[in-house]
Amino acid sequence: MANTETVLKDAMTSIDGVIGVALVDYTSGMALGTLGGGKEFDLNVAAAGNTDVVRAKARTMELLGLKDEIEDILITLGGQYHLIRLLKGRGKSGLFLYLALDKSRANLAMARHQLKRIENDLEV
92 MANTETVLKD AMTSIDGVIG VALVDYTSGM ALGTLGGGKE FDLNVAAAGN TDVVRAKART
152 MELLGLKDEI EDILITLGGQ YHLIRLLKGR GKSGLFLYLA LDKSRANLAM ARHQLKRIEN
212 DLEV
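Here the numbering used here is used: the first residue of the sequence shown is 92, the next is one more, and so on.
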């Protein structure tokens with residue numbers, strides 16, 4: 092089992108095309124840890140904004156009466172993929188991993204696969 096810092100480093104090094112990664116508490120919208128990003132890409136702003144995305148999707152599912160769980164949410168931009176993976180398991184409820192990828196360098200299927208592996212390694 093790995094801590095937040097180790098998991099974020101793993102995401103940055105094992106997933107091709109990563110711009111930045113964050114572990115986010117979607118009850119508060121706060122990033123519990125970030126790596127990457129930069130002056131042009133503020134991961135704390137992204138964490139707060141993507142919290143709204145997760146909450147909106149959860150509300151919509153509730154209104155539709157869907158009795159299912161969100162695995163991940165994909166947002167495709169012209170040059171980037173933004174992947175939100177809701178975490179499951181003991182101590183992980185209310186958390187998601189947020190991954191921003193450079194579309195020209197990333198393999199989306201592999202990124203999703205790696206993110207799932209990283210989720211399993213995380214100990215909160």
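Simulated from the structure, these hints should not be mistaken for laboratory data.
Check each hint, because a few of them may be wrong.
As the list claims (entries may be wrong) - Listed next, the in silico DSSO-like pairs over lysine-lysine satisfying Cα-Cα at most 30 Å (straight line):
{"id": "1", "residue 1": "158", "residue 2": "179"}
{"id": "2", "residue 1": "100", "residue 2": "158"}
{"id": "3", "residue 1": "207", "residue 2": "179"}
{"id": "4", "residue 1": "194", "residue 2": "148"}
{"id": "5", "residue 1": "148", "residue 2": "207"}
{"id": "6", "residue 1": "194", "residue 2": "100"}
{"id": "7", "residue 1": "100", "residue 2": "183"}
{"id": "8", "residue 1": "158", "residue 2": "207"}
{"id": "9", "residue 1": "130", "residue 2": "158"}
{"id": "10", "residue 1": "148", "residue 2": "183"}
{"id": "11", "residue 1": "194", "residue 2": "183"}
{"id": "12", "residue 1": "148", "residue 2": "158"}
{"id": "13", "residue 1": "148", "residue 2": "179"}
{"id": "14", "residue 1": "194", "residue 2": "207"}
{"id": "15", "residue 1": "179", "residue 2": "100"}
{"id": "16", "residue 1": "158", "residue 2": "183"}
{"id": "17", "residue 1": "130", "residue 2": "100"}
{"id": "18", "residue 1": "207", "residue 2": "130"}
{"id": "19", "residue 1": "130", "residue 2": "148"}
{"id": "20", "residue 1": "194", "residue 2": "179"}
{"id": "21", "residue 1": "100", "residue 2": "207"}
As the list claims (entries may be wrong) - Okay, the calculated beta carbon distance ranges per label pair:
{"id": "22", "residue 1": "180", "residue 2": "146", "range": "17 to 27 Å"}
{"id": "23", "residue 1": "136", "residue 2": "96", "range": "14 to 24 Å"}
{"id": "24", "residue 1": "100", "residue 2": "155", "range": "31 to 41 Å"}
{"id": "25", "residue 1": "183", "residue 2": "139", "range": "31 to 41 Å"}
{"id": "26", "residue 1": "133", "residue 2": "163", "range": "33 to 43 Å"}
{"id": "27", "residue 1": "119", "residue 2": "97", "range": "16 to 26 Å"}
All residues carry an ideal CB built from backbone N, CA and C; glycine is no exception.
Now for the hints, and whether the structure bears them out:
1. 158 / 179: 16 Å, holds
2. 100 / 158: 34 Å, violated
3. 207 / 179: Judged against 30 Å, a Cα distance of about 10 Å means the pair holds.
4. 194 / 148: The hint holds at about 24 Å.
5. 148 / 207: 20 Å, holds
6. 194 / 100: Satisfied, since the Cα-Cα distance of roughly 20 Å is no more than 30 Å.
7. 100 / 183: Cα-Cα ~19 Å, so holds.
8. 158 / 207: 22 Å, holds
9. 130 / 158: Status violated; Cα separation ~40 Å.
10. 148 / 183: 19 Å, holds
11. 194 / 183: 28 Å, holds
12. 148 / 158: 13 Å, holds
13. 148 / 179: At roughly 17 Å apart (the allowed maximum being 30 Å), residue 179 and residue 148 satisfy the hint.
14. 194 / 207: 19 Å, holds
15. 179 / 100: 20 Å, holds
16. 158 / 183: 20 Å, holds
17. 130 / 100: 19 Å, holds
18. 207 / 130: Given pair residue 207, residue 130 holds - Cα atoms ~28 Å apart, limit 30 Å.
19. 130 / 148: 29 Å, holds
20. 194 / 179: 27 Å, holds
21. 100 / 207: 15 Å, holds
22. 180 / 146: 17 to 27 Å: Roughly 20 Å apart at Cβ, these two residues keep to the hinted range, so it holds.
23. 136 / 96: 14 to 24 Å: 21 Å, holds
24. 100 / 155: 31 to 41 Å: 38 Å, holds
25. 183 / 139: 31 to 41 Å: 20 Å, violated
26. 133 / 163: 33 to 43 Å: 22 Å, violated
27. 119 / 97: 16 to 26 Å: 23 Å, holds
Against the hints set out earlier in the document, violations occur for numbers 2, 9, 25, 26.
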